[in-house]
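The task is simple: from the sequences and hints, build the whole structure.
Number of protein chains: 2
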Amino acid sequence: MYSIDELRAIIKDELDKKEYIQEPHSLFEPILYILEDGGKRLRPLLTLMAYNLYREDIEKVLKSAIGIEIFHNYTLLHDDVMDDAELRRGRLTVHKKWNSNVAILSGDAAAITAYQCIEHCEDKYLRRAIDFFNQVAMDVCRGQQYDMLFETRDDVSEKEYIEMIYLKTSVLLAGSLRHGALLADAPEHEYNALYEFGGYLGLAFQLQDDYLDVYGDVAEFGKNIGGDIVANKKTYMLIKALELADPETREELWGWIEKKEFDHEEKIKAVTRIYDRLGIKEIAFAAIDKYLKMSRDILDKIDVPKERKIDFYETLDAIGNRKK
Amino acid sequence: MYSIDELRAIIKDELDKKEYIQEPHSLFEPILYILEDGGKRLRPLLTLMAYNLYREDIEKVLKSAIGIEIFHNYTLLHDDVMDDAELRRGRLTVHKKWNSNVAILSGDAAAITAYQCIEHCEDKYLRRAIDFFNQVAMDVCRGQQYDMLFETRDDVSEKEYIEMIYLKTSVLLAGSLRHGALLADAPEHEYNALYEFGGYLGLAFQLQDDYLDVYGDVAEFGKNIGGDIVANKKTYMLIKALELADPETREELWGWIEKKEFDHEEKIKAVTRIYDRLGIKEIAFAAIDKYLKMSRDILDKIDVPKERKIDFYETLDAIGNRKK
Numbered sequence: 041m042y043s044i045d046e047l048r049a050i051i052k053d054e055l056d057k058k059e060y061i062q063e064p065h066s067l068f069e070p071i072l073y074i075l076e077d078g079g080k081r082l083r084p085l086l087t088l089m090a091y092n093l094y095r096e097d098i099e100k101v102l103k104s105a106i107g108i109e110i111f112h113n114y115t116l117l118h119d120d121v122m123d124d125a126e127l128r129r130g131r132l133t134v135h136k137k138w139n140s141n142v143a144i145l146s147g148d149a150a151a152i153t154a155y156q157c158i159e160h161c162e163d164k165y166l167r168r169a170i171d172f173f174n175q176v177a178m179d180v181c182r183g184q185q186y187d188m189l190f191e192t193r194d195d196v197s198e199k200e201y202i203e204m205i206y207l208k209t210s211v212l213l214a215g216s217l218r219h220g221a222l223l224a225d226a227p228e229h230e231y232n233a234l235y236e237f238g239g240y241l242g243l244a245f246q247l248q249d250d251y252l253d254v255y256g257d258v259a260e261f262g263k264n265i266g267g268d269i270v271a272n273k274k275t276y277m278l279i280k281a282l283e284l285a286d287p288e289t290r291e292e293l294w295g296w297i298e299k300k301e302f303d304h305e306e307k308i309k310a311v312t313r314i315y316d317r318l319g320i321k322e323i324a325f326a327a328i329d330k331y332l333k334m335s336r337d338i339l340d341k342i343d344v345p346k347e348r349k350i351d352f353y354e355t356l357d358a359i360g361n362r363k364k
Numbered sequence: 041m042y043s044i045d046e047l048r049a050i051i052k053d054e055l056d057k058k059e060y061i062q063e064p065h066s067l068f069e070p071i072l073y074i075l076e077d078g079g080k081r082l083r084p085l086l087t088l089m090a091y092n093l094y095r096e097d098i099e100k101v102l103k104s105a106i107g108i109e110i111f112h113n114y115t116l117l118h119d120d121v122m123d124d125a126e127l128r129r130g131r132l133t134v135h136k137k138w139n140s141n142v143a144i145l146s147g148d149a150a151a152i153t154a155y156q157c158i159e160h161c162e163d164k165y166l167r168r169a170i171d172f173f174n175q176v177a178m179d180v181c182r183g184q185q186y187d188m189l190f191e192t193r194d195d196v197s198e199k200e201y202i203e204m205i206y207l208k209t210s211v212l213l214a215g216s217l218r219h220g221a222l223l224a225d226a227p228e229h230e231y232n233a234l235y236e237f238g239g240y241l242g243l244a245f246q247l248q249d250d251y252l253d254v255y256g257d258v259a260e261f262g263k264n265i266g267g268d269i270v271a272n273k274k275t276y277m278l279i280k281a282l283e284l285a286d287p288e289t290r291e292e293l294w295g296w297i298e299k300k301e302f303d304h305e306e307k308i309k310a311v312t313r314i315y316d317r318l319g320i321k322e323i324a325f326a327a328i329d330k331y332l333k334m335s336r337d338i339l340d341k342i343d344v345p346k347e348r349k350i351d352f353y354e355t356l357d358a359i360g361n362r363k364k
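Heads up: the protein sequence lines correspond to chains A and B, in order.
Heads up: the first sequence at position 102 corresponds to 142 in our numbering, and the numbers run straight through without jumps.
Heads up: the second sequence at position 76 corresponds to 116 in our numbering, and the numbers run straight through without jumps.
Keep in mind the hints are simulated off the structure, nothing from the lab.
All C-beta atoms in this analysis are idealised placements derived from N, C-alpha and C, irrespective of residue type, glycine included.
Hints should not be assumed to be uniformly reliable.
What the hints assert, rightly or not - To give a feel for the contact side, a few chain A residues facing chain B, derived at Cβ under 10 Å:
1. 122
2. 167
3. 180
If you want it as structure tokens, here you go:
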């Protein structure tokens, strides 16, 4: 069995081969650029981990795991254009370093490259692999559409928000696991269980991101605290606050949202105080715990020796601890 | 055997079912919009025609033929953003009617929809169908990249231009034919021959488009004559003219290209006169004929009764006649 560090090194080596590059080089240069910025490689890692639950010959799933990472980066390329984002992990986004056309077309090439990678599997898995990948890809697209639709709405419910982040974030994590288990010849109910596990894990992870933006420790979180508050991002925190606030508090919150000129620190403090008053911290905490528990319950039932699942349990614990 | 009109009607009926639409509707509305604007449905038609060379049960290839049409429209959605085009077939482009983000994301959804459609085939064809589709999709992307790269170059050779339009236009026509023949269980050398046939046909068709922009009859061509000249589009005509012109004529031509303010009619007349002087009309004519002949030679060798190929021959004749 491989450790997470070993799997990460294997993914890095495979990416470094750059086998997916085709002519003209300029089409693939932005893909190289976004791929070389590091990132956690969470998705291919989950694919390899899921495969490794059942089998040792992980080289069989490696190319398609890389495909999932390339797919993820394709969504980042296009999302950054749509959000007009300046920076990603501290570096200029592709459409800022080059231009929007480059980000669109190289993104398209990345998506096709992902499809080329994903078909690296035995014939007997091909239809399901492609089917699943199509479903995941479409769900990610749908999630992004809901996210954009929600931007102009002020009545997004918790349920709608959970559905949106499920599609936009969880499904690809879930699909990465399912793909690995499928190619490892896991039984259908097990690869479906891993998909479900990944879905809840993704929800916990995303809610925690929302939570840490408000209550995280700058040094540990590695991002500036309050970025979502400054940008009026419709996070779980804001949606719950708008839902639970009495008319007066709601008005205060909207006052900050609509303010065009403000001191960043002042706004962050004021909104955080409102969250404190409404108990959003505890509510978010509870929601994260709920989804972690749901993941854990599914993981318990996956029928492989417990020692093979240890990295999965540790991942859950890490998310649990990260929130404190 | 089906007539072209019957096949067109079948394609229309299938598109009208709108079975590919998913939630949220707003994600698919722009896809519906661009699909409902008509168009020649040339690609799905070629798929059905190729299938119908060998088999009658064309419903078996219909869903994937629709996928190819949806793929084509995805490329139009993104190309129109990249070219900042105002109109397509007389209607506002998606990014002008909505905005760029809508065109990017709905385009992405259309691409995934195409992949979902293309897998409608028996298992024994699946890997090749997906392989081929990936190759075609990537080639179209590469063609668009070359096209964008050429915009800022003034030394594009005829060979480079032919390669670019081959990738950008021919390959999808060729792939549409190959896909139909593959699913009809045609032997490998025959579906490859149809691919080659489609490649040359596509070149003839694109060169003719370039030709008709200069020498076409407005009433018959249905576009304004000289649009490419006004826009300095690097067509076959312009590339050949720049290649063949003596220094003086070349300077005159560049003068027109670089002029910021000009009378449209005057520029069209002047550039056309240059083309006349250089014999570009006859050169383009000869090139179109060459590619039509290459198509015809391949078609002759396709081993099905001649009466089944009649629509293919008529298509070649129609392109041949269209240029007069």
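Evaluation of the provided hints:
no.: 1; hint: 122; verdict: holds (4 Å)
no.: 2; hint: 167; verdict: holds (6 Å)
no.: 3; hint: 180; verdict: holds (9 Å)
Checked against the numbered hints given earlier, the structure satisfies every one of them.
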